[in-house]
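Chemist: Residue-level listing of the chains:
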Amino acid sequence: MLEIKGLNVKLEEEDKQILKGVDLSVEAGTVHAIMGPNGSGKSTLSYVLSGRDGYVVTEGSATLEGHDLLDLEPEERAAIGLFLAFQYPVEIPGVGNMTFLRTAVNAQRKARGLEEMNATEFLKLIRQKAKELQIDADMLKRPVNVGFSGGEKKRNEILQMAMLEPKMCILDETDSGLDVDAMKLVADGVNALRGAGRGFLVITHYQRLLNHIQPDVVHIMSDGRIVKSGGPELALEVEENGYGDILSEVA
Amino acid sequence: MALAQPKITATEERLSALRLPESGVWLARARGAAQDRVRTMGLPAARDEYWKFTPPGTLVQPEAPQAAVFRHDEAPVFDGIERLKIVFVDGVFDAAASDPLEGEGLQIERLADVAAQDIHWARDLYGVLETRGQTPVDRPLAALNTAYASDGILIRVTGHVSKPVSLIYHHESTSSDAILHHVMKVEEGASLTLLENGPAAARFNKVMEVDVADSAAFHHVRAQGRDHERRAATHIFARLGRESTFKSFTLTVNGKMTRNECVIELTGDDAVAHVAGAALGDGDFHGDDTVFVTHDAVNCESRQVFKKVLRNGATGVFQGKILVKPGAQQTDGYQISQSLLLDGDSQFLAKPELEIYADDVACSHGSTSGAIDEDALFYLRARGIPGNVATDLLTLAFLAQAVDEIEDETLRTEMAARLEGWLSRRSG
Numbered sequence: 001m002l003e004i005k006g007l008n009v010k011l012e013e014e015d016k017q018i019l020k021g022v023d024l025s026v027e028a029g030t031v032h033a034i035m036g037p038n039g040s041g042k043s044t045l046s047y048v049l050s051g052r053d054g055y056v057v058t059e060g061s062a063t064l065e066g067h068d069l070l071d072l073e074p075e076e077r078a079a080i081g082l083f084l085a086f087q088y089p090v091e092i093p094g095v096g097n098m099t100f101l102r103t104a105v106n107a108q109r110k111a112r113g114l115e116e117m118n119a120t121e122f123l124k125l126i127r128q129k130a131k132e133l134q135i136d137a138d139m140l141k142r143p144v145n146v147g148f149s150g151g152e153k154k155r156n157e158i159l160q161m162a163m164l165e166p167k168m169c170i171l172d173e174t175d176s177g178l179d180v181d182a183m184k185l186v187a188d189g190v191n192a193l194r195g196a197g198r199g200f201l202v203i204t205h206y207q208r209l210l211n212h213i214q215p216d217v218v219h220i221m222s223d224g225r226i227v228k229s230g231g232p233e234l235a236l237e238v239e240e241n242g243y244g245d246i247l248s249e250v251a
Numbered sequence: 001m002a003l004a005q006p007k008i009t010a011t012e013e014r015l016s017a018l019r020l021p022e023s024g025v026w027l028a029r030a031r032g033a034a035q036d037r038v039r040t041m042g043l044p045a046a047r048d049e050y051w052k053f054t055p056p057g058t059l060v061q062p063e064a065p066q067a068a069v070f071r072h073d074e075a076p077v078f079d080g081i082e083r084l085k086i087v088f089v090d091g092v093f094d095a096a097a098s099d100p101l102e103g104e105g106l107q108i109e110r111l112a113d114v115a116a117q118d119i120h121w122a123r124d125l126y127g128v129l130e131t132r133g134q135t136p137v138d139r140p141l142a143a144l145n146t147a148y149a150s151d152g153i154l155i156r157v158t159g160h161v162s163k164p165v166s167l168i169y170h171h172e173s174t175s176s177d178a179i180l181h182h183v184m185k186v187e188e189g190a191s192l193t194l195l196e197n198g199p200a201a202a203r204f205n206k207v208m209e210v211d212v213a214d215s216a217a218f219h220h221v222r223a224q225g226r227d228h229e230r231r232a233a234t235h236i237f238a239r240l241g242r243e244s245t246f247k248s249f250t251l252t253v254n255g256k257m258t259r260n261e262c263v264i265e266l267t268g269d270d271a272v273a274h275v276a277g278a279a280l281g282d283g284d285f286h287g288d289d290t291v292f293v294t295h296d297a298v299n300c301e302s303r304q305v306f307k308k309v310l311r312n313g314a315t316g317v318f319q320g321k322i323l324v325k326p327g328a329q330q331t332d333g334y335q336i337s338q339s340l341l342l343d344g345d346s347q348f349l350a351k352p353e354l355e356i357y358a359d360d361v362a363c364s365h366g367s368t369s370g371a372i373d374e375d376a377l378f379y380l381r382a383r384g385i386p387g388n389v390a391t392d393l394l395t396l397a398f399l400a401q402a403v404d405e406i407e408d409e410t411l412r413t414e415m416a417a418r419l420e421g422w423l424s425r426r427s428g
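Residue numbers (full-length UniProt numbering), protein chains in the order written: chain A, 1 to 251; chain B, 1 to 428.
If you're looking for bench data, these hints aren't it; they were derived computationally from the structure.
On a predicted model such as this, the values are computed, not experimentally measured, just so you know.
Just so you know, even glycine gets a beta-carbon here, dropped at the ideal spot from N, CA and C.
Careful: at least some of the hints might be erroneous.
[Claimed, not checked] Residues from chain A that face chain B, not an exhaustive set, calculated with beta carbons under 10 Å:
| id | residue |
| --- | --- |
| 1 | Gly51 |
| 2 | Pro74 |
| 3 | Arg77 |
| 4 | Val90 |
| 5 | Val95 |
| 6 | Val105 |
| 7 | Pro143 |
[Claimed, not checked] Here chain A is said to cover these stretches of chain B; the calculated rule only asks that three of the stretch's residues, wherever they fall, bring their Cβ under 8 Å from a Cβ of chain A:
| id | region |
| --- | --- |
| 8 | 371-378 |
| 9 | 393-406 |
So that you can see chain B by itself, here it is in the shape it has in the complex:
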């Protein structure tokens, strides 16, 4: 179908503000193909079905909207955790602030460093998983990322890894427009824990492609932090092999516009994919979790658990789909999205979907939206707990079900503590 003229114009305006980075043969080819995909799809527009709840304007416009740099003096997330640090400032790799890109069982490289090489393992993944994720729903901002990403990190996990890899983002410029593309390849039987935190730029477009081979495991915990004026569109494209595990958790607080898409394809039998998120939005907040899980193998399990607490006019969005392909028997699919609305000004928009083409499956989904439980609130207050503290306790309890999806206890405690800190700063 031909694109409407306004969409073509908007897409070309955006592309003309960008330049394709210098690349060697394989990467140049991937970038060129991605650029073609963007032009074929056109960038998201307000009336697109997939963007019905989230206005894409500021994510698409040629220049990044200004975003103030948020300064605070508290300890950074994951501070106490032994990890391999990789730092990006406004989307630019910061070698001085990063640890050496090496570790037991790991091969770590910068995208910018290997771009000129003729042969690289990332060739089989870069833009490849993204392309697979374009069917049946278009994700043009991800294709844009593949074409124009200025940098990113490529990690290949071959054996035992002694500590998590931590991607740390810093935001220093009020007008930075960062595009990063990471590729993770977890080889058979290997496992990796990846952490991400920090405000990345005034506007951030990030894609992460994750290939989890047979019997491999990938754990991901991400904290989208305190930058109030954040605008971010992120995509995870994951492909899971036989008996593999993929678990991703995202904490989202503040941010004017955050759209996190997670596209998971279960291609090997007996694989497990869990994706979860806890979000706190106050005031000028728009947080969108869009998840698409495709079951294309036998006896796989998938779980989506998303919780949002919204107040003072904040908006939360959840679009979640489970697609069970023909032959994907014994699928166990679960999806829950819930919001706690702390006042009448906030809203939660949800679109849960199931599409099933196999007959021996168990899939369930649920979505709820509600206010704080007045009976519980009174009970706590009747025991002497002040109203604001009681509300915080109930809010944390509501979010705990998402946080509990994190397997590692230290990381789980860390995320819970962050939520508690956020709440206590706001309950005067």
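Isolated chain A, as found in the complex:
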């Protein structure tokens, strides 16, 4: 589903190489986790895949079901089924959460040649999805993420994911700033979306999220490369021994 080959990325503003040849293949229906120390390039990978400004791809490719991601605008990437759950969801004063979601859902439907969802259908769908994530009506009415707690923001990300039904979901440090209960809620939301040929790339610093979202494959990233891949046991190894052992072993 998601194929990344030899991806080299540097910052636009300064001559600093962040990704130094990332190879990764996420098959449909699987959950891959990327772990790694701070500064290893995990978040950069998520931004480059979703099309954020400020990065230059100097080499390599990234495709989603054969579509060249790097050639597309962010909204086009979303429309073909890529979704990034942000580490820091942005607060947007003045734009209602509901308006935002409806505009997004219909923009994607339009891009895919589907009919727009009418207000009644949309309302019915969002109420049902929101309920599962314990998002109340007030949160839907408020401006996007404004005044939301850390947990509310992350639940709102998952709500967007549930509404947009993407093919490939990237979760960037979704566990950061969450207490155990909130993490469980978010993980339940993600798990509910598993299967149906959907791919997941879960980026995290700590192993604890992976207790709730069981990965099929775990990758360790360091200094802009994936240095080791393995099964879920690799995450446990990190949890017990830290990154030091693994990194010195592959060095």
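Once you've looked at the hints, dock chain B against the given chain A.
Modeler: Showing chain B alone in chain A's frame:
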């Protein structure tokens, strides 16, 4: 101080292109006095401090610059709202297109109709509030208006009013130079909602004097529309009595040159004055909001909220002042002016001012100018919302804070819809 010769020449050139309308005793006196004021002040010139950001040339020159008549087929603003319509075409009252000038709790007359009368209630207001508003800053175009206004509407509100009064302007002649002067007197405990919309003329000079008596309320919502070549200088002079309310909102889109001045005097304790504006300027646009609020009573509240979105070389101006006079204790004054610059060619010029002579007051002001929030834009696009649609969403969100100042929900929705329509027509 004697005026400089070029200013005298420019003023006389302008006055010689005008004729004082026929008037009865009281109005003739008011007009004569206003004419004297114009000559004493001189008309605005490019180097005047108060016109530092806005070139007054085309507003002052003897002949109105040509302005194409803008035709479109969309529903007029306020179309779905039950209201009493008063229509002016190129500054001339259109009786056939207007509703009968009568309504519950209202006394409505044309200035031209009462001009010959010896006694009229408007005598105590016509040119009177304008004159008060000439201190400490000169507003010569308003004095010019008092002297030469060819028509206008006089409304006295005495009781319950069942629907808003709507002033509708039409522009038909490419060279019309309209001068209208309205007077609103809202008597104790009464309230009025006044709507204004439509392109008025090639060049428009309008003054509205509003006297809001004790416990009375005046709500004003104005849409300055789609006429791209509009040149307009408008003034509102409002005087507020005890526990009274004055709320005015203006939507400004397009127009080569628009200067809206609002001069508010809080003279009775516990009064509230809100003035707000949302403007969208694209290309050859110059929009100036100049506001002067004087607190001269205890425990009054004033708010100024102005937002402008500018692109393709458009210019926005805000000059806002809060003056707190000695003894105006417990004043709560607030002022914010912000611009969203959608490109590097556009500019926003702001001059916020506070002048306070009382010691127990809370006054704050802020002014910002910035580009669209790139993080927010990316967030929206990452959810599949195309860049232009996302920009429009953020633009509307920016303006919403000004639009939200409108109390009435129907009018608020109407203004928001107009802004949305304007944006969607432009985002190809």
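Chemist: The structure should be examined with respect to each hint, and the outcome stated for every one.
Modeler: Comparing the hints with the structure gives:
Annotation: Gly51 of chain A was flagged as interfacial toward chain B, and the flag holds, the nearest CB pair being 7 Å apart, inside 10 Å. Proximity of Pro74 of chain A to chain B holds as hinted, the smallest CB-CB distance being about 4 Å (cut-off 10 Å). Nearest Cβ of chain B to the Cβ of Arg77 of chain A: about 8 Å, under the 10 Å cut. The hint holds. The restraint placing Val90 of chain A at the interface with chain B holds, with a minimum CB-CB distance near 4 Å, inside the 10 Å limit.
Taking 10 Å as the C-beta contact cut-off toward chain B, the hint placing Val95 of chain A at the interface holds, the least distance being around 5 Å. About 8 Å separates the beta-carbon of Val105 of chain A from the nearest beta-carbon of chain B, less than 10 Å, and the hint is met. Interface restraint check for Pro143 of chain A: the shortest CB-CB distance to chain B comes to about 8 Å, inside 10 Å, so the restraint holds. With a cut-off of 8 Å between beta carbons, the region 371-378 of chain B has 5 residues touching chain A; three or more are needed, and the interface restraint holds.
Interface restraint, the region 393-406 of chain B with chain A: holds (7 residues with C-beta to C-beta distance below 8 Å; minimum three).
When held up to the earlier numbered hints, the structure conflicts with none and fits them all.
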